[in-house]
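Peer 1: Residue numbers (the working numbering), protein chains in the order written: chain A, 1 to 305; chain B, 306 to 738.
Any given hint might turn out to be false.
[What the hints assert, rightly or not] One side only, chain B facing chain A, incomplete, derived with CB under 10 Å:
#	residue
1	Thr350
2	Thr383
3	Leu407
4	Gly558
Quick caveat, the hints were computed from the structure, so don't treat them as lab data. Since the model is a prediction, treat every value here as computed from it, not as a measurement. Just so you know, even glycine gets a beta-carbon here, dropped at the ideal spot from N, CA and C.
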Amino acid sequence: MTTTTPPLAPDTEVSEPAKPSGGKPRRGIGTIIVRVALLVMVLVWTIPTIGLLVTSGREPTVVSNSGWWSVLSSPLDFTQWTAQNYDEVLTAQGMGNAFLNSLVVTIPATVIPILVAAFAAYAFTFMKFPGRDVFFIVLVGLLVIPLQVAFIPLLQIFGEIGIVGTFPAVWLAHAAFGMPLAVYLLRNYMEGLPGEVIESAKVDGASHFVTFWRLIIPMSTPALAAYAIFQFLWVWNDLLVALIFLGPGENEVVTVNLSTLVGTLGSDWHLLTAAAFVTMIVPMIVFLSLQRYFVRGLTAGSVKG
Amino acid sequence: MRSRNTLRLGALVFAGSLVLSGCLGAEEGGDGGENQSVTIFGGITGTEEVKLVKEAVAEMSEATGVDVKYEPSRDFTTLIRSKVRGGDAPDIALYPQPGLLLDMSSDITPLDDVDAGLDAASETLIPGFLDSASKDGKVYGAPIDQAPKSLVWYPKQAFQQAGYEEPTTHQELLDLTDQIKQDGEAPWCIGLESGPDTGWPATDWLEDYVLRTAGPDAYDQWVDGELAFSSPEVKEAAEAMGDVMLAEGNVQGGGQAIVNAPFGESSERMFEDPPGCFLHRQASFITSFFPEKVQENLDEEAGVFVLPPVEDGFDGTPILGSGNFAALLNSENENAVKVMEYLISDKFGTPRYEAGGILSPHTTFDTSKYPDEVTKQIAEQVNEADVFRFDGSDLMPAEVGTGSFWTGMVDWIGGRKDLDTVLTEIDESWPSS
């Protein structure tokens, strides 16, 4: 849930300076309204996260007796803070293994769809073949199919091949369902690349393969990175797919491990607050290190579509 | 240049993860034959609880010489179905609800068909337990633990200081309630909130009262769907329960507060100073929700008695309980059968029982191993009980047992609907066939 907040912030940042430059230079009441609206948005979006952060550092008994905002009156009273929740989460059984599994799941599940989608997007943009547009429309149409409806058939197919409970099952599921958006995003981006470059490459005798690897991929980095962030966040935060196709046990990922911290009857739920921040670390690193591509990639892809 | 390096790095990581997963996969498929390991999948979660289960499992591994793994999930109920359907079934599953177990009986090997010591177990188990997991004369699962539910807890110190006494009949319970009210205190603490499972504590109340007013035979018919919720028997039980729960002043804040109070935390108020209430009806596992200082000194701080029988109702003391049932999903794994035999015998689970809160389902379990007098007392009362019945909502079809029964009770107690409407609606939601 919290990961939906970061994408908003840069997005709004971009649109904000764009507005005054487009209209008259006067900074009137309009700007103030925009600023206030932005401020309200930012507050509304971050307050739950702040509440979560505050709660994660409080004693469980205190959490059940008073709201997190009650610390605001005396935030410097250090006796009320505790690292106990974090300690319990980080030392939970199988946590290290689960972290490793999460990486083993997430990285291929991000790389596979990007790679395949880049091939497909190239073909849809630069190669001419009969039925190209129909294929593209069908593929993009698949965007509307939610992963959930495919669980049972997928389970049966995976069961038949015997890969349920192993990593390839999750890779395939995530890759397949990430594909329509990836193809759509990348094709729209590639359409906007200067046609002259590709043509001159062709004149020089470059094959499709060479054009793709030497020209298109380097030029598409912003779009690729933007999609990589998206896919990485989805897969990393996913509980449902991992739970059904991997399940608990040796191959469990972080989200699955964390969900078992809560007791059978719902005791120890306060551990989830700390757990949320522990899982957030990796996506945060990925997002912050790639975010400059993110803004560029998204706007580039969308405007030129 | 930069992007190419990034690409290379990406490819490297990808290849690396492929190799890594290959290793993990090989490890998994590697064993087989004689030394085949056994996986147990269950719904017992939580740091502490899982630790205890794993200790118990380790004991079992040592005794049987089989490598056993316990895999917990909070979503056991949904996952077990998808796992079985996807061909990834565990060797043994621990079902928290016998109703679900019997639903899946076509995937389960009956214990009668394998050499898993069913006869020995049925002699030591509390009578009535195996019936809840039997269908068409075959036993599909056996309990590995139990949590008796017909218990009323009270804060011992304050209770005795005020001069109250444990009631032995329903009338005495109502009198005690009135007495506490006259002393200017709230008698009961009741909470129904439990996240997505909100309402289950109220179903236990009703089950307890059906057992007490209409008796075990009517209870069985009710659970099987032969006796309607709107029948006079069940309605009478609900009214008896309403006398305790809903009478003016019995619970602080009334029905609305009952519905909104988290079931675990509602018990804590008993141990405030002065007590927020004096009585709390809940299963044995509620002790893990008591404040820490109470848990450390349970015998001094907490008292417990069995919810008393109702006059003119069933003649005797019935006990309602719940527990996890082990079922054998993969009988081809010979080691799984071996593990099953140990699992359902009175030998399994000692580390869990020593921690308190849950009890052994076997009458032969050495009660001196329980951590405190309170637990020993509960164990004795269960062993002496005239009738044992399993939690009915766990036996009813899921649409009712984990659906309309919960929401119906919440609607009624919260004051949104009257009793008759609620009971009729639950009847209507009972699946036909």
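Peer 1: Under the constraints set out in the numbered hints, which ones does this structure not fulfil?
Peer 2: Violated: hints 3 and 4.
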